[in-house]
Amino acid sequence: MTGKKVASVSLTKANSLRGGPDERGRFGIFGGRFVAETLMPLVLDLDQAYRHAKADPAFQAQIDHMQRDYVGRESPLYFAERLTAHLREKSAAAGSKGGAKIYFKRDELNHTGSHKINNCLGQILLAMRMGKTRIIAETGAGQHGVATATVCARFGLPCVVYMGTTDIERQKPNVFRMKLLGAEVIPVTSGTGTLKDAMNEALRDWVTNVENTYYLIGTVAGPHPYPAMVRDFQSIIGEETKRQMMEREGRLPDSLVACIGGGSNAMGLFHPFLDDPSVKIYGVEAAGKGIETGEHCASLKGGSPGVLHGNRTYLLQDEDGQIKDGHSISAGLDYPGIGPEHSWLHETGRAEYVSVTDREALDAFQLCSRLEGIIPALEPAHALAFVTKLAPTLPKDHLMVMNLCGRGDKDVFAVADHLGVTL
Amino acid sequence: MTRLDRRFDELKAQGRAAFVTFITAGDPDFETTLGLLNGLPGAGADVIELGMPFTDPMADGPSIQASAQRALGNGASMMKTLELVRRFRENDNSTPIVLMGYYNPIYHMSVETFLGRAIEAGVDGLIVVDLPPEEDDELCVPAMKAGLNFIRLATPTTDDKRLPAVLANTSGFVYYVSITGITGSASPQARNVEAAVNRIKRHTALPVAVGFGIKTPEQAAEIARTADGAVVGSAIVDAIAKEIGADGKMAPGAVERVLEFVGKLANGVHAARKAAAE
Ligand SMILES: Cc1ncc(COP(=O)(O)O)c(C=O)c1O
Numbered sequence: 004m005t006g007k008k009v010a011s012v013s014l015t016k017a018n019s020l021r022g023g024p025d026e027r028g029r030f031g032i033f034g035g036r037f038v039a040e041t042l043m044p045l046v047l048d049l050d051q052a053y054r055h056a057k058a059d060p061a062f063q064a065q066i067d068h069m070q071r072d073y074v075g076r077e078s079p080l081y082f083a084e085r086l087t088a089h090l091r092e093k094s095a096a097a098g099s100k101g102g103a104k105i106y107f108k109r110d111e112l113n114h115t116g117s118h119k120i121n122n123c124l125g126q127i128l129l130a131m132r133m134g135k136t137r138i139i140a141e142t143g144a145g146q147h148g149v150a151t152a153t154v155c156a157r158f159g160l161p162c163v164v165y166m167g168t169t170d171i172e173r174q175k176p177n178v179f180r181m182k183l184l185g186a187e188v189i190p191v192t193s194g195t196g197t198l199k200d201a202m203n204e205a206l207r208d209w210v211t212n213v214e215n216t217y218y219l220i221g222t223v224a225g226p227h228p229y230p231a232m233v234r235d236f237q238s239i240i241g242e243e244t245k246r247q248m249m250e251r252e253g254r255l256p257d258s259l260v261a262c263i264g265g266g267s268n269a270m271g272l273f274h275p276f277l278d279d280p281s282v283k284i285y286g287v288e289a290a291g292k293g294i295e296t297g298e299h300c301a302s303l304k305g306g307s308p309g310v311l312h313g314n315r316t317y318l319l320q321d322e323d324g325q326i327k328d329g330h331s332i333s334a335g336l337d338y339p340g341i342g343p344e345h346s347w348l349h350e351t352g353r354a355e356y357v358s359v360t361d362r363e364a365l366d367a368f369q370l371c372s373r374l375e376g377i378i379p380a381l382e383p384a385h386a387l388a389f390v391t392k393l394a395p396t397l398p399k400d401h402l403m404v405m406n407l408c409g410r411g412d413k414d415v416f417a418v419a420d421h422l423g424v425t426l
Numbered sequence: 005m006t007r008l009d010r011r012f013d014e015l016k017a018q019g020r021a022a023f024v025t026f027i028t029a030g031d032p033d034f035e036t037t038l039g040l041l042n043g044l045p046g047a048g049a050d051v052i053e054l055g056m057p058f059t060d061p062m063a064d065g066p067s068i069q070a071s072a073q074r075a076l077g078n079g080a081s082m083m084k085t086l087e088l089v090r091r092f093r094e095n096d097n098s099t100p101i102v103l104m105g106y107y108n109p110i111y112h113m114s115v116e117t118f119l120g121r122a123i124e125a126g127v128d129g130l131i132v133v134d135l136p137p138e139e140d141d142e143l144c145v146p147a148m149k150a151g152l153n154f155i156r157l158a159t160p161t162t163d164d165k166r167l168p169a170v171l172a173n174t175s176g177f178v179y180y181v182s183i184t185g186i187t188g189s190a191s192p193q194a195r196n197v198e199a200a201v202n203r204i205k206r207h208t209a210l211p212v213a214v215g216f217g218i219k220t221p222e223q224a225a226e227i228a229r230t231a232d233g234a235v236v237g238s239a240i241v242d243a244i245a246k247e248i249g250a251d252g253k254m255a256p257g258a259v260e261r262v263l264e265f266v267g268k269l270a271n272g273v274h275a276a277r278k279a280a281a282e
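Sequence lines, in order, name chains E and Y. Quick note on our numbering: the first sequence kicks off at 4 and runs consecutively. Quick note on our numbering: the second sequence kicks off at 5 and runs consecutively.
In isolation and in its complexed conformation, chain Y is listed as follows:
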């Protein structure tokens, strides 16, 4: 049982969906991310995805691209990302943290070294965008053996024939990418999402979280009615970007304001099932 498994079990017992938040590690600087991480669970985040900045984020839209560039420009690195997790874990031993990013920085560190450090820091799962099941022996299988969840993306192009291969080595939860496209682009149609979630659930008992394109509390609520989790990334990253001044520094009180926005999204997700039941 990982923290992810426990968290989704708890939420299932409570009859509500998980609110999954994404921020980029080190955007715009280390201290801000640490402040946000520490505040996210209180603001209603059930699962935290922490982006590992990469120079060439091929599946990301302008918001998350820019956040990675800001972070790298301010000295973000894989070691600092892991340090953020370690510091977060000093105060929180229950909120799952999933590292999300691209394979090259991990490969460059060496898979074995990375896995050792990630586990030691308190990471629970990995989402690596450019590692499809065809490349499972690279990181997915070693990560599972080491006790980490490897969360796979399923997409609208993943048909029923392919789905079993995608789900085979997936654990923790399944991340359904609700649109064909990059992060932060078009918002999904709730109707299509419901059909897709049901389709995936026919193939797996794992929770299914839905992301890409969810921007408002209302959209988050709509997704949370049918999925086991709603992921919001670009909208939070945009809220962070809005707080950055011309000098590249955060405005005073910025972390609180971002967390306030996160709180609204969280309310949307957490009230969704109640609203539906009424």
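The following block holds chain E by itself, in its conformation from the complex:
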């Protein structure tokens, strides 16, 4: 398998951008382990357990097997032909005769409907190796909650999911799915009742139930080793993409586009390509009602470095260092921080971060449904909105991959609401 070989060669290269984090869990100044002393021994334990697991071929074989038979990997790399044609028309109308060739990485086809299960599978197998008997998680859109509840059902472990009350309201189908899967969903009323508050509450649970509980974090945030570990489990997205693109086009893609909540689907796609300088990398943050309105979730574009949830990273905060609540139409992007590795990629310039408004995401959501017969989740609809802006400015032989990291079933009620349709 040529793709795999490419990946492992670049890993051992000197000056690799893929070597992080360091021993302290830092990517440059970002990352780290900013947790209460009660949790510190647990975090160190987890680090050690993960290192051992990572080096154990039996652990990897277990993941591979489940990824294939349970999740349904690999996910297709799909040429979005009609979208490509549509954007080429747009380009021609603007007089530039361009229009990149657009591929979707179809992670919305995974079991449970998003990329979140890639990570949940790896972590629950690790939790069981560590002898943990109770799983807790936080969720925003509910996709991570559903994926966690799913693997807990599959492996017979009790599951508690913390979810903000605002998110419970806008993601009702997922709340019911979690309950069907046997999880206990605990509503979180503190703060604005969104993802960051759910994460605080999950951390409080973990501090209280240190003996038996494994905290299954859903994105590339939290204290070290979570950002690196979640990235590793999600990197299957980029590894497959690399291999599939080599098979299809005989070369690497020219650009990658992914949406960013905490940044896990994006890190998963980006990481295997970090050492391929010809590949341009774009992360798309949620601009909500517009960055200038202050109602957004664009931590890199509209935030500054700070410390929250165990790591140093870009955060939305006020002049006193208090965390500001974000706003996005998409519950999965409604987080005032971003994974520390993204902050580092931003500062080093290896990746470029852009933002897309609620309105633009809604338009892209509908466009994708009509042109490709794929109803995307509102999260990747943000990535798609950026694709519709960028692709027409690029030549036709430019190969672009967008991570279609989730399907939109969970969002149809919310979208109907925004479009003024009563169901």
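Don't take every hint at face value.
[As the list claims (entries may be wrong)] Here's a subset of chain Y near chain E, in silico, CB distances under 8 Å, partners left out:
| # | residue |
| --- | --- |
| 1 | Phe58 |
| 2 | Thr59 |
| 3 | Asp60 |
| 4 | Met62 |
| 5 | Met113 |
| 6 | Val133 |
| 7 | Pro136 |
| 8 | Glu138 |
| 9 | Glu139 |
| 10 | Asp163 |
| 11 | Arg166 |
[As the list claims (entries may be wrong)] According to the in silico footprint, chain Y covers these stretches of chain E (three or more CB under 8 Å from chain Y):
| # | stretch |
| --- | --- |
| 12 | 32 to 39 |
| 13 | 43 to 55 |
Hints listed in this document are in silico derivations from the structure and should not be mistaken for laboratory results. No experiment lies behind these values; they were computed from the predicted model shown. Backbone N, C-alpha and C fix where the C-beta goes; we use that ideal spot for every residue, glycine too.
Please arrange chain Y with the ligand on chain E, whose structure you already have, making use of the hints.
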């Protein structure tokens, strides 16, 4: 010698434990906190912990979370917290004040600026929940160099192997978190606490204060029999919350009533060793 060192030395000479009180700066407003601060030493507080409100207090239970939200809602800020200390110091130059909170507001101000302002205001020590020894170079080491005590939390999960690392850069006192959990939750078992305090004392000559979950004068007394200090937070914060009316304002005489409750807790702590000796 900091005010903390002096205070614990005095108490040791008197053969009694320290009563350590926690309130949140600006809860529910600046004037109330100032009134409480000024009254706490008279009510029997030997050391004052002043909470720096933060939007995301990950190690705190509902009581202290709510107190931080009340304070922030009424315009609390790092500068006002420091101003409270400065005003307190105008009348009291001996009661140690320890600022307790989370790292981000300090980091955002910049560590150097914060330390300068804290020392100028009359702060004696810092407890920053989300800075374990692994992150000592962030604030702990600069704070010690600047002459502030950095008080570390030791917990039931801090085993003997890890304890030396936790104690290495700790000064002033060691704060033993008596339970695994958030502030204001389950009360500790006195027996477990005694064993834990003895364990920590095998590793350090520093005083060991115990907190998290102490709610009544009786519990405080029980802890004070074995530890060098008993910390009460949520129970005092709850007493404050009880005095807040629907309009968000304190009822008349509220500060006095809260201080009266503090006095009862103080009596529990101060009488503990005497009771034990009898
Ligand atoms: C479909 C989908 N995409 C993206 C995200 C955002 O998370 P991340 O940035 O970690 O991929 C979520 C989170 O819930 C999601 O459900």
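Annotated coverage of the stretch 43 to 55 of chain E by chain Y, confirmed only when three residues or more have a Cβ within 8 Å:
Coverage by chain Y holds for the stretch 43 to 55 of chain E (3 residues, Cβ < 8 Å).
Hey, does the Y/Thr59 contact hint survive, CB to chain E under 8 Å?
Because about 5 Å separates Y/Thr59 from the closest Cβ in chain E, which is inside the 8 Å limit, the hint holds.
Min Cβ distance, Y/Met113 to chain E: is it shorter than 8 Å?
7 Å, holds
Should the interface hint for Y/Val133 be scored as holding, given a Cβ-Cβ cut-off of 8 Å against chain E?
Interface hint status for Y/Val133: holds (5 Å vs cutoff 8 Å).
Interface hint for Y/Asp163, Cβ within 8 Å of any Cβ on chain E
With Cβ-Cβ at 7 Å, under 8 Å, it holds.
Report holds or violated for the interface hint on Y/Glu139, using the least CB-CB distance to chain E and a cut-off of 8 Å.
Holds: closest Cβ of chain E sits about 6 Å from Y/Glu139, inside 8 Å.
Taking the least C-beta to C-beta distance, is Y/Glu138 closer than 8 Å to chain E?
Status holds, d = 5 Å.
Please check whether Y/Pro136 passes as an interface residue: C-beta within 8 Å of a C-beta belonging to chain E.
4 Å, holds
Tell me if the interface restraint on Y/Asp60 is satisfied: Cβ within less than 8 Å of some Cβ in chain E.
OK, holds: Y/Asp60 within 8 Å of chain E, min 5 Å.
Check of the stretch 32 to 39 of chain E against chain Y for coverage (Cβ-Cβ below 8 Å, three residues minimum)
That given contact holds, which follows from 5 residues of the stretch 32 to 39 of chain E lying within Cβ reach (below 8 Å) of chain Y.
Should the interface hint for Y/Met62 be scored as holding, given a Cβ-Cβ cut-off of 8 Å against chain E?
5 Å, holds
Against chain E, run the beta carbon of Y/Phe58 and see if the smallest gap drops under 8 Å.
7 Å, holds
Going through the hint list in order, the structure satisfies each hint without exception.
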